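Colleague: Residue numbers (the working numbering), protein chains in the order written: chain A, 1 to 286; chain B, 1 to 150; chain C, 1 to 227.
It is possible that some hints are incorrect.
[Unchecked claim] Just so you have them, the derived chain C footprint on chain A, three or more residues with Cβ under 8 Å:
1) 89-95
2) 113-127
3) 136-143
4) 190-202
To be clear, the hints were calculated from the coordinates, so they are not data collected in a lab. The structure presented is a predicted model; accordingly, all values stated were derived computationally and were not measured. Every residue, glycine too, gets a C-beta built ideally from N, C-alpha and C.
Single-letter residue listing:
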Amino acid sequence: MNIIYGLIFLMAAPFAGGIIIGMDRKISARMQSRVGPPILQPFYDVLKLFEKENIVVERSQSFFILGYLVMMAFSAALFFSGGDLLLVIFAMTLSEVFLVLGAYSAHSPFAFIGAERELILMMAFEPMILLTAGGMYLATGSFFAESIAASSMPLILLLPGVFLGLFYVMTIKLRKSPFDLSASQHTHQELVQGIMTEFSGATLGAIEIARWFETVLMLGFVYLFFGFSPLLALGAIIVLYFLELFTDNTYTRFKWPLALKSSWLAALTLGMINILVLWVYIKGGL
Amino acid sequence: MTFLRKSPWIIHYDASSCNGCDLEVIACLTPMYDVERFGVLNTGNPKHSDVLLITGSVNEQNVEVVKNIYGQMPDPKVVIAVGICATSGGVFRECYNVSGGVDKVIPVDVYVPGCAARPESIIDGLLKALAILEKKKSAMNAGRKARVKS
Amino acid sequence: MEGLAVRMPKVAFMLLIGITGMFLAPFGMLISKWATLRAFIDVNPVLFGIAAFGSGMTVFFWAKWMGKIISVHGAKDAVKEKTNRDETIVLAVLAALTIVTCVAFPLISQYVVEPFVAATFGISSQMGRGNLITMFMMLAAVLILPFSVLYFRKRGRELPAYMSARPSQANRFSGTAGLEKELELNNYYLDGMFGEARLMKIGVITCILLSLFMFVFAFSAFAGVLP
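All chains, full assembly: derive it from the sequences and hints.
Modeller: Next comes the structure, spelled out in structure tokens:
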């Protein structure tokens, strides 16, 4: 485990994430025949949010959002320093539970339903990401991100089903349609920003920074599939993110039963079958 | 330099307007005028917004709602009254059921007349409001500094 | 369950400790989930899949319960807690033990669990140092975070929640025709997917089939038909 890498990425991830989201908004605008905001817009947004007055609905909500930001940063730092994938996933789940608890503590109808939907989306996402970690262990023999990234096994060829399943559920984490049920971009709002309704000012800025960490972490998982060739990985990340943007701009929001059942179906068919085949291939010595 | 100028988030409320000015406000978001290139986002949540765009002469049922939205916005904030109805009541000024303009209910910073106000005027009003927002932010900072010192 | 934190704050606090010990890393589930998943992936990937799906489900309902306890509003006046003193003592001891176990797990693992496993099964495996350090860092981060509540206590202007701009106090908002309505928030129970009626049918049928299979297997082994 390389702590230095972890710290470097910890400093760089917010900037990278912000630029990715800025380009996201620019490209989405171009898809809609508009000019779109400047690429640095997410940074302007967060800096503006830190200048606003501090408003709370419930005193404890700032503590929960601080927990969300700290644990998401910890999770990203752990991943990029090459740590155990399972611990990265557990830290990510912990940080999201903090966000959900922060929304619950506000006792507002919109935040409440947003929090329930966020939990349902977490339930939809978790099986697939754990299956990804399991599949990578079967293919490379290690749960550690540094071994998987350094391995020369073509994970994308050994785990195509897992990759497709991960692409399907990654839409949830990146908060893109059709799975942006709990909190969407300001422009596609439902339930008045859902889980983010009662946060404002610096708290909302902290949530946005945590979202940058989350985006970089998700794209890091995509990188692991192409660890044997960094150039190919970069290309794959760009293509994948563009496809996510395209899906975001073409699909409307799913209802939560459809989101949950389709994500589980993807995990069960694409993910589970891939892992079973791989397990038989590796352990059976075929 | 504050960043409020670079990223003003709007909340748009229709206080019993005929919807003409509302359509022009939404038209500002379309590809023809595209205010998002100034960083403007149309949020629906007062807690997230800096600028309140109000249309319509306010009637009795709207008075509490307008005050509530204004109260829920964090400082610094500006209010833009879009359309002649929001400015002074327009043709409905003498009616018994309307208050005759938004400034009878909450303090207004920029008035954008017109029936319906054109998107160009609305954007012009928005830019004037951003300058006022910056001044309010400096006043807020000075006030805060004064409080800390004393 | 709503309002438990107002009526019985001590019980609610200990309940929260217990719930975090059930599903949250770095409390209870950190070691259990981690060790289970690592063990299953080598032996039986179907069990790994079941654990992965189950992990998601547990997060859902435990976090939902935690949220229900945490979301309090309304009566901030202290109501005298009517819990029995014996019950409070038992709960407090259990809560303290939970925290102690979570913090002291490497010692317990090294001095209690591993010798037992080595004596019974002949082999035992240790957790890597890197993982131990990571788990401790997570635990430290989560235990230090609550001190930020002191920092946030004085900051921020309090406002009521956004109820579509209807004038509202803590739990009530003014609805149509000027009537005051009370806010009621109820959870999702996902009855359609995990409801008792539905799972009962599947469970009973599977159980009967498995029991039949078990008896057939046992008797045929006894009768010498199967080795």
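Colleague: Are the hints correct? Go through all of them and say.
Modeller: Hints and how they fare:
1. 89-95: With 4 residues close enough to chain C, the hint holds.
2. 113-127: holds (count 10)
3. 136-143: Contact hint for the segment 136-143 of chain A vs chain C: holds, 3 residues under 8 Å.
4. 190-202: As far as the segment 190-202 of chain A goes, the hint holds, because 3 residues have Cβ atoms under 8 Å from chain C.
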